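Colleague: Sequence:
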Amino acid sequence: MIKLQQLLHALALRRHGNFHRAAEAQHLSQPAFSRSIRNLEQGLGVTLFDRAAVVTPTLYGEALLRRAEAILAEADELEREIRLLQGIESGSFSVAMGAYAAEMSGKQSLAELARQHPRLRCRARLRSWRDVVELVLSRSVDIGIAEISTLRSPGDRLRVEPIGQHRMVFYCRHGHPLTGRVEVSKRDLDAYPLATIRVPPRGASLLPGLWSLDEDTGDLIPHIEVDHLPTAHAAILASDAFGVATPLQIEPWLRSGALVVLPYQAPWLRLDYGFIYRADRMLSPATELFMSIVRAIEAERSSRNGALMAELLPDPALASGSLDEMT
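Read left to right, the sequence shown gives residues 0 to 326 (numbering that gives the first Met the number 0).
Every clue listed holds true.
Simulated restraints on C-beta separations:
#1 S139 x R186: 36 to 46 angstroms
#2 D155 x R122: 21 to 31 angstroms
#3 P266 x E133: 31 to 41 angstroms
#4 S139 x P176: 42 to 52 angstroms
#5 A62 x E214: 33 to 43 angstroms
#6 S291 x P30: 46 to 56 angstroms
No wet-lab data here; the hints were simulated from the structure. The structure displayed is predicted, hence computed values, not measured ones. Even for Gly, the Cβ is constructed at its ideal location relative to N, Cα and C.
Go ahead and model the full structure; you've got the sequences and the hints to work with.
Modeller: Rendered as structure tokens:
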């Protein structure tokens with residue numbers, strides 16, 4: 000019978016092409032490692048590797064290795080599901096978050112989850128919204144919260160649940176050349192650097208400022224590209240760059256007068272993020288609890304952000320909730 004450990008050893012031998020280096024990588028002596036490979040070959044009745052200067056798989060070896068990775072991945076998933084069924088306190092939770100989703104509700108929700116279950120092991124990754132999708136697909140995290148406009152047809156591998164569609168404003172430092180105006184046009188803003196995260200294609204034709212396009216993806220690359228919103232705030236406070244944010248995210252700086260909202264009406268400008276998770280993966284109790292915490296926080300944040308929008312840009316279209324989605 001094939002053992003999982005033998006499959007790990009076979010994969011290591013293909014990766015290193017040498018018995019000695021593969022044995023070291025698996026923390027085994029070379030005789031023990033060689034014996035494991037030999038027992039696997041004897042059990043199957045075929046030669047899996049050609050022993051030359053560089054060890055390479057035979058046709059039988061290639062067939063085995065193609066299956067080995069899938070078998071080991073499924074074994075890991077089985078162990079994970081067994082641990083999940085044992086309950087929240089004995090498990091772990093991992094999440095990948097885009098910058099805006101983390102600022103709006105993700106970080107606070109993770110903190111609340113940790114408060115409720117102090118023995119739960121938690122791991123959070125703050126990444127670009129495109130990287131969040133890859134981390135979910137590779138099973139590196141349990142769930143993602145990030146931009147979902149590019150995932151309207153996620154296919155069979157992913158599930159997507161919208162959670163945040165908050166209205167946003169353009170902002171700059173106090174004393175910026177454009178402050179004090181009754182109205183600011185796109186042409187005015189086009190003279191200044193845009194400082195924010197990479198923007199999905201849905202906003203590429205609409206956003207003002209200095210930026211470029213990624214020819215492969217259609218993403219808008221800001222003149223000052225960041226993955227961390229406080230970094231954008233720092234650049235904007237120290238220069239003539241401007242940024243985009245929900246009023247809620249910059250409320251302390253607005254109240255202090257360090258930042259100001261630019262009088263540029265953009266009813267299409269809003270966040271569009273949600274939960275992203277694998278369709279074939281069981282959601283853990285911790286993940287489901289985290290999702291419920293996020294939903295509750297999002298409801299409260301949406302109400303507060305709407306009130307701030309009405310205060311800062313008291314336009315009927317913005318106050319009515321009839322904004323069109325950025326497309």
